[in-house]
Each structure stands twice: as C-alpha cells, then as structure tokens.
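Peer 1: Sequence:
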Amino acid sequence: MTIGPDGSLMRPEDRISEILSRYPAEDPVHRAIERSAPTLLSAAARVEVLAQQATSGAE
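Heads up, the sequence shown is in UniProt numbering, so the first residue is 1 and it goes up one at a time.
None of these hints come from the bench; they were simulated from the model.
Treat each hint with caution, since some may be false.
[Unchecked claim] Label-pair ranges, simulated between beta-carbon atoms:
#1 24 - 55: 37 to 47 Å
#2 5 - 47: 13 to 23 Å
#3 57 - 25: 42 to 52 Å
#4 31 - 53: 29 to 39 Å
C-beta atoms are modelled at their ideal positions from N, C-alpha and C, and glycine is treated no differently.
Work out the full structure, taking the sequences as your base and the hints as a guide.
Peer 2: Okay, structure coming up:
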C-alpha cells in the first residue's frame, strides 16, 4: 500500500485513491478496494509502527 504503480513511495490513502481512480465503480477491483479500505489502512498503519520499532531496536 506504500508503493505506487511506478515504484514510487506513496501514502496508503493516496494509493487507495489511485487504485480507485483506475477502475470504474462497477468493477470488482474498485468495489473490493472500496470495501476493504479501512482494513487496508489499519494494516498499513500497524506495519509502519512495527517497521519503526524494528529499525529503532524497540520491542
């Protein structure tokens, strides 16, 4: 959720918006991302915290 289609870093919110902009509302991908966005954002936030802890040596 943090890497865009061109390999650049993105915020998860921006990545979700980018995905939704590529698919029409009736497309299954659009519907799936739209429905799962809260879960995807929550997971991305948890991974970010864990990555920060791992790089700082905290547990």
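Peer 1: Hints first: check each against the structure and report whether it holds.
Peer 2: Structure-based check of each hint:
One distance hint, 37 to 47 Å for the beta-carbon pair residue 24 and residue 55, holds here, with the actual separation near 40 Å. Range check, residue 5 to residue 47: about 20 Å between beta-carbon atoms, so the 13 to 23 Å window is met. The hint said 42 to 52 Å for the Cβ distance between residue 57 and residue 25, and at roughly 45 Å that hint holds. Take residue 31 and residue 53: their Cβ atoms lie about 34 Å apart, and the range 29 to 39 Å holds.
Hint violations for this structure: none, all hints satisfied.
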